[in-house]
Every structure is written in structure tokens, then in C-alpha cells.
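Trainee: Listed here are the chains, written in short residue letters.
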Amino acid sequence: MWNQGGSYGESNMGGGYTQSPGGFASPAASQGGEKKGRQRAQHIIPCTVSQLMSAAQTEDVFRVGEVEVAQVTIVGIIRTTDKSMTNIQYKVDDMTGAPMDVKQWVDTEDSSVDSTVIPPGTYVKVSGNLRSFQNHRSVVAFSVRPLEDMNEITSHMLEVVQAHVLLSKPQTIMLGGGGGMNTSMVPLSRPGMGGNMGGGYSGANDMSANGLSPSQNQVLSLIRSCADAQGISTQDLKQRLSGMSLAVIKHAVEFLSNEGHIFSTIDEDHFKSTDNDD
Amino acid sequence: MAVFESPKPRINNSMLSQYISRPICFVGRVEKVHPTGKSFTLSDGEGKSASVELNEPLDEELSGVVEVVGVVSNKGAIMASAYNMLREDQGIPFDLELYNEALKVIHEYPQHYPFELATSG
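Each protein sequence line maps, in turn, to chains C and A.
Throughout the first sequence, residue numbering follows full-length UniProt numbering, covering 1 to 278 in sequence.
Throughout the second sequence, residue numbering follows full-length UniProt numbering, covering 1 to 121 in sequence.
Be aware that a few hints might be false.
[Claimed, not checked] Rough simulated footprint, nothing fancy, chain C against chain A, three-plus residues with beta-carbon under 8 Å:
1. 7 to 19
2. 88 to 100
3. 106 to 114
I should point out that these hints are in silico values taken from the structure, not numbers from a laboratory.
From the three backbone atoms N, C-alpha and C, an ideal C-beta is built for every residue, glycine too.
All chains should be built: construct the whole structure from the sequences, respecting the hints.
Mentor: This is the structure we're talking about:
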């Protein structure tokens, strides 16, 4: 009955709706987009109603803290419904504040889209765009999908925190690459995992925004800083990074090379960064 | 009801005492239902029990995992305004222990999961 569940890459509303499928193509599932750590408007970001209501607005751009939000997902329970000829209005309550107005356009021409109203008391996942009109915030939804697995409530809570932590500037605590949904996701009690709460590192970064470890980053910066045409040799790296063993350096070099950050030049012991201007 | 218009922080049993007289949202598994149908107990993801009291007696069989919205009384019971059963009829059980872990996360990061009244328009 309802549209393909959880598939944010499609416009489910048929011909009449203004949002074209192309714009949503990039991070199709909410997991993929946020982990990149770059703030592009094409992300679809899991949020709470309270965040949407208190988001700062400058012209057309909404911001939750430092995170720009346009397309969002919320998970909540329908409290009221109101159907008219062209749209269905829901009030969706996710417990973080008063229920949020969610409007879903109904395509009157497309009879294949079932416009049956979802009854109050149903938990749904709403995907849509945050709008503000005359100081009134609402979400214009391109998808309102009843939950079949109530664990999505839990996963949404975790995804909201993860997304907002990852998309905020690196000074804040990073969850270290995909905290996942397992039960041990309480990162602060696991020292190895993703960052010192009290700040052992001066930048309070364990995993930086580019996903490289500290030693990989050090090796990469040295390679980048070399202006020679033939690049920097492993020996030079060992000399400059006295705290690092040759094995660790070689390991880092191999990783960086596989990831495409560096390439070898005159021989397999000399490297240049792919990010350099030549 | 005013309860619905305010934030209803998701909490478990060990947090009840911090939310006396405040609206909250409590999720737990049904343990016992009083014969009058006007109260029942729920156990949270840590296995601890909370008592829920209703205005009207239940008109249906209550079982499985239930989400209650209400205000905490000074005895630590939940005076419920509404409840709903989290359906498990698709054969997918609700992982209450995982939900409890998620509770810890959202309370650890209140700046990223705020329960508060909107300040800006």
C-alpha cells in the first residue's frame, strides 16, 4: 500500500510534485550522507522535531547548530490527521516537543498513489523538507511511511545524534567512523574507540574528519609538504618522523596509496601527494 | 492536553526521580495489569519496574512493549495521559535493551537530541 519503504532516492508523489528525483540521488540512505563530514544541502539528515523548531534561519537556509538542514527525516507518532482535496496534514509527535505539522501533497491525477490517511496512533517515518511560512515551521513530506519495525524508533534516535555529531565541526567529539547500532554504542566509556572526552589530544580529534588516523595524517602531511618532483622517500619520512617505526610508516604509506591520497614516483620508495598543485 | 504540547523526555526507571511533576515518555514491557484495569506495571530495558496509572480503565488487552506519555507523580509513578503498544505483529521484536542504550546516548548528548520548548520561530 505505501510507497517503497525507506527509499529516499525517489520522489514518490508522481508527476505533479515539484521535487525531482535527481536532487535526492546522492546519499540515498540516511547513513551514507552524514559520515562524509561535509555539509552539502543534498544530505537528508535525521532530526528531532525540537531541532527543526529551533533551527536558526537565514534567508532560505536552516541551521541546527552548525549543521545545515534542508531535507530531513523524523520519526514520530501521528497525533492528528486532516485530509483535504489536495493534501493530508498530520501532526507528528516524536516526544521532543509539541507535535510537528507535516504536510503531504496528494496527487489527484495519479490513482496509483493511495492517498489513504494513516490513522492517529501510528508510528511513522517522515522524509521531507523543512519549511517556514510566516514564522510557522512545518515539514513538507515526500514520504510518510508507517513503521513496521519499531526498532526504527531506536535507530532514529541514534542516527540523529550520530549525524549531528559527525556533521558538526571536528572540535566536537567524533564517534569514530560509523558507531553502528549495536548495544555497545556508548562511546565515552571506550577509550580506544573514538576520542578522549577529557581531551588527551590538543585538538580533541582521534579520528579526524578525513577518516585517517593520526599517524596516517602525519605521514600524509609530510608527503604533501614535499615540493620535489620526485617526491619524498620512505627514508626521509623515517628521518622526519622519529617517533614512528619504519613498519608503521610503510603501513601508513601503503594505506594512503591504496586510498589514492599518494602515488609513487621514481620508484616504490618515493611518493607524492595527489592533492598537490604541481 | 498540555502534556502533548510539551517536550516529553524519554527516560527509564532510574531517571524517574529527576522528573517528578514533569511530562515524560516511558517505554517498557508489560509486567502486570491491575484487575481494575486502571493501572499496570512496566519493566524498562534495565529490568526495573515502573507503575503506570490511568484515568480510564483499559478497554483492551495490554501486552508486549508499551510506550506511555504522562507526568511523574511524587511517588515515582507515571500518571498516564496516553499509551500505545509498539506493534510486534510483523514478527520483529522490539529490542528494549538496545532502546535503553539509546536512552543513555541521547541523555549524554542533549545538545544533539534536545527536549525543550522551541525558542525561535
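Trainee: Report holds or violated for chain C covering the segment 106 to 114 of chain A, Cβ cut-off 8 Å, minimum 3 residues.
Mentor: The restraint on the segment 106 to 114 of chain A holds, since 7 of its residues have a Cβ under 8 Å from chain C and three suffice.
Trainee: For the segment 88 to 100 of chain A, do three or more residues have a beta carbon lying closer than 8 Å to a beta carbon of chain C?
Mentor: With 8 residues in contact (Cβ-Cβ under 8 Å with chain C), the coverage given for the segment 88 to 100 of chain A holds.
Trainee: With a C-beta cutoff of 8 Å, work out whether three or more residues of the segment 7 to 19 of chain A approach chain C closely enough for the coverage to hold.
Mentor: holds (count 4)
Every hint, counting from the list given before, is met by this structure.
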